[in-house]
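Residue-level listing of the chains:
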Amino acid sequence: MSRENGRLHLWAFLQGIGFFPGGWRVEKATPDAVFQRAYYERIARMVEDARFDAIVFGDQLQGRDAAGRTPGRLAIPTLDPFTLLAVMAGVTSRVGLVATVSTTYNEPAEVAAKFAALNFISEGRAGWNIVTTVHPNSPWNFGEPELLEKSARYARAQAFVDAADAFWRQAAGHPAANAADALRNQWFDIAGTLDFPTSPQYRPVLVQAGQSPDGRNFAAQSAEAIFCPAPTIDAGRAYRDDIHERARALGRDPSKMLIMPGLAFILADTEEEAQRKHRHVLELADDQLCIEYLSESIGYDLTRLPANQPFPLDEICAACEFPAEDVRRMLTPAVEAGLSIADACRDYARKPRGHAIFVGTPEQMADRMETWIDAGACDGFTLQPGYMPSELELFCAHVAPLLQQRGLLRREYQGPTLRDHLLGEFRA
Amino acid sequence: MYLSISIDVSPRDGAAFARLGQQADRIEQAGADFVLLAHETGAGTLEPGRLEAVVTLPWIARRLATPVVVAALPAVHSVPFHIARALSAADFLTSGRAGWLPLLHGGARFDAAYGDAYHLPPGDRVAKHDDFIRATRALWDSWDQDALILNKDSGAYLDSAKVRRVDYRGPFFATMGPLNAARPPQGHPLLVRDLDDVAGSTIPADVVLGGADRLAGVDARGAVRLLKVTAATVEQGEALVRAGKAEGLHVAGPDAIDQLEALRRHYTRQPATGATARARLGLAAPANPYSKKVPA
Numbered sequence: 001m002s003r004e005n006g007r008l009h010l011w012a013f014l015q016g017i018g019f020f021p022g023g024w025r026v027e028k029a030t031p032d033a034v035f036q037r038a039y040y041e042r043i044a045r046m047v048e049d050a051r052f053d054a055i056v057f058g059d060q061l062q063g064r065d066a067a068g069r070t071p072g073r074l075a076i077p078t079l080d081p082f083t084l085l086a087v088m089a090g091v092t093s094r095v096g097l098v099a100t101v102s103t104t105y106n107e108p109a110e111v112a113a114k115f116a117a118l119n120f121i122s123e124g125r126a127g128w129n130i131v132t133t134v135h136p137n138s139p140w141n142f143g144e145p146e147l148l149e150k151s152a153r154y155a156r157a158q159a160f161v162d163a164a165d166a167f168w169r170q171a172a173g174h175p176a177a178n179a180a181d182a183l184r185n186q187w188f189d190i191a192g193t194l195d196f197p198t199s200p201q202y203r204p205v206l207v208q209a210g211q212s213p214d215g216r217n218f219a220a221q222s223a224e225a226i227f228c229p230a231p232t233i234d235a236g237r238a239y240r241d242d243i244h245e246r247a248r249a250l251g252r253d254p255s256k257m258l259i260m261p262g263l264a265f266i267l268a269d270t271e272e273e274a275q276r277k278h279r280h281v282l283e284l285a286d287d288q289l290c291i292e293y294l295s296e297s298i299g300y301d302l303t304r305l306p307a308n309q310p311f312p313l314d315e316i317c318a319a320c321e322f323p324a325e326d327v328r329r330m331l332t333p334a335v336e337a338g339l340s341i342a343d344a345c346r347d348y349a350r351k352p353r354g355h356a357i358f359v360g361t362p363e364q365m366a367d368r369m370e371t372w373i374d375a376g377a378c379d380g381f382t383l384q385p386g387y388m389p390s391e392l393e394l395f396c397a398h399v400a401p402l403l404q405q406r407g408l409l410r411r412e413y414q415g416p417t418l419r420d421h422l423l424g425e426f427r428a
Numbered sequence: 001m002y003l004s005i006s007i008d009v010s011p012r013d014g015a016a017f018a019r020l021g022q023q024a025d026r027i028e029q030a031g032a033d034f035v036l037l038a039h040e041t042g043a044g045t046l047e048p049g050r051l052e053a054v055v056t057l058p059w060i061a062r063r064l065a066t067p068v069v070v071a072a073l074p075a076v077h078s079v080p081f082h083i084a085r086a087l088s089a090a091d092f093l094t095s096g097r098a099g100w101l102p103l104l105h106g107g108a109r110f111d112a113a114y115g116d117a118y119h120l121p122p123g124d125r126v127a128k129h130d131d132f133i134r135a136t137r138a139l140w141d142s143w144d145q146d147a148l149i150l151n152k153d154s155g156a157y158l159d160s161a162k163v164r165r166v167d168y169r170g171p172f173f174a175t176m177g178p179l180n181a182a183r184p185p186q187g188h189p190l191l192v193r194d195l196d197d198v199a200g201s202t203i204p205a206d207v208v209l210g211g212a213d214r215l216a217g218v219d220a221r222g223a224v225r226l227l228k229v230t231a232a233t234v235e236q237g238e239a240l241v242r243a244g245k246a247e248g249l250h251v252a253g254p255d256a257i258d259q260l261e262a263l264r265r266h267y268t269r270q271p272a273t274g275a276t277a278r279a280r281l282g283l284a285a286p287a288n289p290y291s292k293k294v295p296a
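Quick mapping for you: the protein sequence lines, in order, are chains A and B.
Straight run, no breaks: the first sequence in full-length UniProt numbering ends on number 428.
Straight run, no breaks: the second sequence in full-length UniProt numbering ends on number 296.
Check before you lean on any hint, since a few could be wrong.
[What the hints assert, rightly or not] Derived DSBU-like pairs: lysine-lysine, alpha-carbon spacing no greater than 30 Å straight-line: (1) A:LYS28 x B:LYS128; (2) B:LYS128 x B:LYS292; (3) B:LYS152 x A:LYS351; (4) A:LYS351 x A:LYS277; (5) A:LYS277 x A:LYS150; (6) A:LYS277 x B:LYS152.
[As the list claims (entries may be wrong)] Listed next, the stretches of chain A that the computed footprint assigns to chain B, with coverage defined by at least 3 CB atoms under 8 Å from CB atoms of chain B: (7) 62 to 69; (8) 283 to 290; (9) 366 to 380.
[As the list claims (entries may be wrong)] Here are some chain A residues the structure puts well away from chain B; computed CB gaps all over 10 Å: (10) GLU27; (11) LEU74; (12) GLY338.
In short, the hints are calculated from the structure, not lab data.
Every residue, glycine too, gets a C-beta built ideally from N, C-alpha and C.
Throw the hints in and build the complete structure from the sequences for me.
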């Protein structure tokens, strides 16, 4: 079964207009289409035709403003992930649909009901990327003054997943043995669950992106697939080994969890052309855009400062919305190197979110992916097109067929549910 | 004559998926003007359906290609930020055909599922319902309708002066904004109210449903009035619409789709123009009290 499914798993992480902040400005980009149903329907069909396991949408629980000023040059907003995945469910029959949902500013009843609906309308293809909320502006949108402390966030996350699972098991007619504890505890006081219509997959596939020790333990405990940044093969292997070790310690079978590092990419027929495209998309992120981009990451409006001067560190740290010590640590190297605000921001915007970036030909990308799989660095990749939709189109048309020819990627789906795609398990 | 109907699934129905699709296709074929994603009780009252409606709306709107599609949701348990965000996307992806129906009925089921912290005295439920609607609308108003620019050449994506924090503070909800979603094409998705469910709200709805007494007893203030009928009362209902007591009928009961099909044979669908459902229904675009737009 797992051989027919292929050794290499592909997830499409489709955030808005793509990976690079300047990507919405490239010639082929269609920033207006991001608000239209037809765009999502076309992409969903394309990803399914290329035999990806799943489509994933990220999420935030705050606007993109820094200290009240919303950036004018960044491509925002991103649409609600459930809504996009529900649209995609309507035009596909196999590809998995993974929504990012926080356990911090939600309730188990609502989240359980939403995933039950997504699972129902997709006939068992839902996945839940479980996150906790760390952005300092998010609590204000929910009437809370400040974030939960980190270990409390993870304790709530675990309790939340257990409670949601109790809802799904109850609705499927197989109540959880620990249901009473899962529903009434330090975090929740739930007196009854809700009726949901059933689906071939009793609950969504659980996905996680743990980095810190708390996060890794949480992932090792619950996750069936894990996102992570992995800049090198060694980093990937170290992460995978660590998660497997933690899972074994918790009595879980590590072969039942996939490690899926992020990989952004820009493709062209020749390496030179791909490099040119990469330079071009970086240039489209002009100074003003890059300054807005870093502003958002620290919660301070840098657009009001002279761009040719270094960061006034004390002034920024006294007023930024992110924790001052984190911001100081982040900006100090640029100040010590004597960089202007514009130069430092440009550097920052070149490597968004710390993920690996591939630039080259389809053949080279297939080689790279095969090398990583053979080295045990991962079970597949969470692909982030450099910009949308044209880079995704190139991957689906030119890289996916190469992976299939090499026997790495399935030619046909082996079952109807997302869990089938991950683990090659059919329904009982 | 507008025609409205509700649709839901039974949790015990093994063929629920196929049945829901078939029902949606029949309703689309018949030409409904409003489809409520809601559970209809035997007593003719609406409550949130077994299938979470905010997630279901964008999926089923593909098969229901012409009507306003309305998500019923538990008014006192929903969170303004999540609802504002999801319905913004739903309104964009349906080209301005999304509606919402915040309901108090069915509350006990949701009280239990959400936990004791959510228990409220009955008198506070309508107040919380109103606060929920105000907070959600404030988040939609955190963006001006024309905030997006999308100019690839100049690099201007949006006008920063047209997005702002709203810092809404009500008796039950506080929310800062801005929403991470643009103002929906309708400004605010259509607010639908079941008058048998919510009484005493201080917020006018865009569309109201109820029996003849209810519809006569409220100041509908320009709302589209839909009279609830069953097979037994449909003729009486038609007469009331002809007399100007309502603008349409909401058909209920086990044979509701048959009723809908029969009515549509007598009443041709009214042609209407407008970019969104709100415009086609002749309802005014909602004002944005947070907008700082200076008159030209």
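*asked:* Of the numbered hints stated earlier in the document, which are not met by this structure?
replied: Checked against the structure, the hints that fail are numbers 1, 5, 9, 10, 11, while the rest are satisfied.
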